[in-house]
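Please build the complex by placing chain B on the supplied structure of chain A, with the hints as guidance.
Chains as they are written, first to last, in our numbering: chain A, 3 to 416; chain B, 8 to 382.
By construction, these hints were calculated from the structure, which means they are not laboratory data. We put the beta carbon where it would ideally sit given N, CA and C, even for glycine. Check before you lean on any hint, since a few could be wrong.
Here are the simulated DSBU-like pairs of lysine-lysine, each with C-alpha atoms no more than 30 Å apart in a straight line [to be verified]:
#, chain 1, residue 1, chain 2, residue 2
1, A, K211, B, K348
2, A, K354, A, K70
3, B, K208, A, K341
4, A, K341, A, K70
5, A, K262, A, K309
6, A, K129, A, K94
7, A, K341, A, K354
8, B, K54, B, K271
9, A, K262, B, K287
10, A, K262, A, K103
11, A, K341, A, K329
12, A, K70, B, K325
13, B, K285, B, K271
14, A, K70, A, K129
15, B, K348, A, K129
16, B, K208, B, K271
17, B, K208, A, K354
18, A, K211, A, K262
19, B, K325, A, K341
20, A, K94, A, K70
21, A, K262, A, K341
22, A, K129, A, K103
23, A, K70, B, K208
24, B, K287, B, K271
25, B, K348, B, K325
26, B, K54, B, K348
27, A, K262, B, K271
Heads up, incomplete: computed chain B residues facing chain A, CB under 7 Å, no partners named [said to hold, decoys possible]:
#, residue
28, F62
29, A133
30, V201
31, A263
Quick list of the computed label-pair ranges, beta carbon to beta carbon [unchecked claim]:
#, chain 1, residue 1, chain 2, residue 2, range
32, A, D305, B, D289, 33 to 43 Å
33, B, E294, A, G331, 52 to 62 Å
34, B, S78, A, D74, 58 to 68 Å
35, B, G346, A, H303, 46 to 56 Å
36, A, V208, B, K54, 40 to 50 Å
37, B, I318, A, A281, 21 to 31 Å
38, B, G346, A, R407, 46 to 56 Å
39, B, M248, A, V208, 30 to 40 Å
40, B, G346, A, S319, 27 to 37 Å
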Amino acid sequence: MTSVASQAPATATGRTPLEGIRVLDFSHILAGPFCTRMLADLGAEVLKVESSTRMDRTGVTRPDPNFKGRVDRPPSFVNTNRNKKSITLNLKAEPAREVTKRLASVADVIVENFSAGVMGRLGLDYKDLEPLNPGLIYVSMAGYGHTGPRRDWTSMNMNLQAYTGLMMVTGAEGDPPTCISSSWNDYIGGLHATFGILNALTERRVTGKGANLDLAQFEASVSTLGPMLLASAINGVPPARLGNRSTDSAPQGCYRCAGKDDWCVLTVRNDDEWRGLVAAMGNPSWASDERFSDVTGRLRHHDEIDKNIEAWTSQLSNVEVEGRLRKAGVPAERMRRIKDVMDDPATSSVYKTIEDPPGHPIRITGSPFDFSSSALTPVGTAAVLGADTHSTLREWIGLSEDELRSLDEQGVLV
Amino acid sequence: MSRVIDLTGLSAIYATRLLAEVGHDVIRVEPRSGDAIRRMGPYLGEKQDLEHGAFHQFLNAGKRSLTLDTSSPSGRRILDDLLQTADVVVANSPMPFDEAAITAANPRLVVTSVVDDSDPDICAYARSGLLSLTGHPDERPTLMGGRVYYAATGAFIGVATAAALLVAQQTGMGQTARVSVAECLQALFEQAMVTYASTGKSTERRGYRGAISAVSGAFPCADGYWMVSLSSSADNWHRFMDWMQDPVLAAEPELADEAERNAKRDYILDRIATWAGKHKKDELVAESQARHIPSAPVTTPLDLARDPQLIDRGFLQKVDHPEFGETLFPVGAIASLRGGKVAMAPSLGQHTIEILEELGYGPSDRRALLESGVV
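Bound-form chain A, shown alone (with noise of 0.2 Å):
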């Protein structure tokens, strides 16, 4: 819960690690948009390249009547592209098309994660850009990517929870398929993603060349499992579930407590922390069995011990338990909910607090690291739709008044 920011010195207030690094980000919803994010704050200058005729449309998927903030940027949608550029291009139209290929050709990254096949027919693949700007590390991101059986597949989250065997080994044995109530796997692919786009402008520096960088997002999330999975292909069977169980720790899960869906976990993890918990129970007759005396025979009597100590916490507030045990030396953690998280600055560090609109504080996802030379881009909101339409095509690629007029004219900057 330590805070990294909270340690960063003041002398962190040098140039980003990504400064002068140009980013032509096509992504949409969440992990393009994720890894993107990462970069800005890393320094980069993201463009991201919108279209009015087709929004991203994060954050559409909650809508809520009582929201007070900012409407033309839903919520998550400035969470997940704070402090990123704006530019709207049909991508419909051939001069649009045109002054992509001329952006391309001078920026250092392009990330995307449209399924397989959409940028080629926008003309806008590796391939067609690469001659351009052989220096140009193009990212994609589809949920199989480009190649192999499944490179046609549309896959979003829950379908990489299912397809990877995550759901198949979160849980205990005989539970159904249990997933966790987040994009996680739009966060894995975001950081893959972005740990490869480093090692490229790495590589880059001493070749001279980009690259194509053709991510999986089902790849970034089974190499997680990869020990799983390679116990699987070894042995021939699919991993043990083991719930909140640990092959060394015993007892170890999560207990019901008194109040309405309260929970608290512990973790027994050597004898003497057994004593506490023996201790912390008021020394029941149950929990002098020879039996439970050591580890082996806690791991035997594992559902015996479960059942006994749940008949404790479930008298008792998490608090309780919580306090109990930690006092009696036991590893122990109530079950905290989001609101809890959230409403304690020590568990929710990284959720930084800024205004927008001004006099509108929202809460805005920060870095989980930092650096004590390089600085980091300060966490920031969101741009308006097209913002910085104009301003780019005439920094980027030199575009002149009379040239964009004629581009407004001929409605392809929308």
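Just chain B now, with coordinates in the frame of chain A:
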């Protein structure tokens, strides 16, 4: 290629795995008795020893292993020598070496300092809020399986390290990258954060039903489970209705609106489950993909051991394993981008002599170190 000294624990070791995937020389420094990661099950095959843990075999693939007693003065001296030759070191804070002295002597060194209070993991997971999102409504919340949250924290640590390495290459100067594991865990529920901050509602665990959009779930079917996940658009709903041909749902045109679907979620999902129960998993998935409706089979990792997509893209690569024969090895998403191969994980101390030689320790020095148990 950079040299990376890997002193990580479980919350960061995925970072050094990523660094090995791009071809860096990653040296894992381990105690002579082997570390905790070598002791984590499941194991490959029958032998439950320091060489057969699945976490070790996957996460240490492509690295070299040096065993060192860093509590002894001569062990610490070897670590210092090693750090003089390195570009990156990743370890938990506080650093197990004199950071000021080392970086003064080797100013280009990137030090990734991991602030880690995530042991035991079940407590960190409960504290982070993620436990409240994992599991089935009203049922017991559960840890995610396969310690997958530590791969996520490791990926953040990999990103921070890669950024500092890029700067070091530009400027010739290293620095400290600081990463908080607790903040990485928090950062993994940011949509729930947005929902709470803008509506005051805590997102709760939703089991296998309706995780993000209204019509999204792992439904039982004739031979297992299949996952279908409609986006919030009306278009997706219409395509699904064309296929399902449910006269009751079709009679409610307002369900084209996501808010209406959310309001009637359980009712809709019950009807879908009943319908899907009559069909087989592969048929349902093939048909929905043909209709551009996102769906997937619910698999176990075993189902992926010979997955055609992973083989075709070089993620699973054939290796001739000394013990298990010809087998398909997961090289990792970053290695597969580069068509790269990844060497098998090293045995404990496999590269100790070789690394001591590289550091300039002669035969008699090495013998003395071995005899005194430092290496």
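Against the structure, the hints:
1. A:K211 - B:K348: Holds, because 21 Å separates the two Cα atoms, which is no more than 30 Å.
2. A:K354 - A:K70: 19 Å, holds
3. B:K208 - A:K341: 8 Å, holds
4. A:K341 - A:K70: 19 Å, holds
5. A:K262 - A:K309: 19 Å, holds
6. A:K129 - A:K94: 20 Å, holds
7. A:K341 - A:K354: Holds, because 15 Å separates the two Cα atoms, which is no more than 30 Å.
8. B:K54 - B:K271: Given that 30 Å is the threshold and the Cα spacing comes to 52 Å, the pair is violated.
9. A:K262 - B:K287: Cα-Cα ~38 Å, so violated.
10. A:K262 - A:K103: 58 Å, violated
11. A:K341 - A:K329: 26 Å, holds
12. A:K70 - B:K325: Answer violated: K70 of chain A to K325 of chain B is near 57 Å, above 30 Å.
13. B:K285 - B:K271: At roughly 23 Å apart (the allowed maximum being 30 Å), K271 of chain B and K285 of chain B satisfy the hint.
14. A:K70 - A:K129: 46 Å, violated
15. B:K348 - A:K129: This hinted pair holds, its Cα atoms lying about 25 Å apart.
16. B:K208 - B:K271: Given that 30 Å is the threshold and the Cα spacing comes to 19 Å, the pair holds.
17. B:K208 - A:K354: Roughly 18 Å between the alpha carbons, so the hint for K208 of chain B and K354 of chain A holds.
18. A:K211 - A:K262: Given that 30 Å is the threshold and the Cα spacing comes to 59 Å, the pair is violated.
19. B:K325 - A:K341: 48 Å, violated
20. A:K94 - A:K70: 35 Å, violated
21. A:K262 - A:K341: 15 Å, holds
22. A:K129 - A:K103: Holds: K129 of chain A and K103 of chain A sit about 12 Å apart, inside 30 Å.
23. A:K70 - B:K208: Distance ~15 Å between K70 of chain A and K208 of chain B Cα, so the pair holds.
24. B:K287 - B:K271: 26 Å, holds
25. B:K348 - B:K325: 10 Å, holds
26. B:K54 - B:K348: 26 Å, holds
27. A:K262 - B:K271: 24 Å, holds
28. F62: 5 Å, holds
29. A133: 4 Å, holds
30. V201: 5 Å, holds
31. A263: This interface hint is violated because 14 Å lies over the 7 Å limit.
32. A:D305 - B:D289: 33 to 43 Å: 36 Å Cβ-Cβ, so the 33 to 43 Å window holds.
33. B:E294 - A:G331: 52 to 62 Å: 57 Å, holds
34. B:S78 - A:D74: 58 to 68 Å: Check passed, 59 Å falls within 58 to 68 Å.
35. B:G346 - A:H303: 46 to 56 Å: For G346 of chain B and H303 of chain A the Cβ distance comes to about 50 Å; the hint holds.
36. A:V208 - B:K54: 40 to 50 Å: 42 Å, holds
37. B:I318 - A:A281: 21 to 31 Å: 55 Å, violated
38. B:G346 - A:R407: 46 to 56 Å: 47 Å, holds
39. B:M248 - A:V208: 30 to 40 Å: With Cβ atoms ~55 Å apart, the hint is violated.
40. B:G346 - A:S319: 27 to 37 Å: Violated - the Cβ-Cβ distance for G346 of chain B and S319 of chain A, about 56 Å, lies outside 27 to 37 Å.
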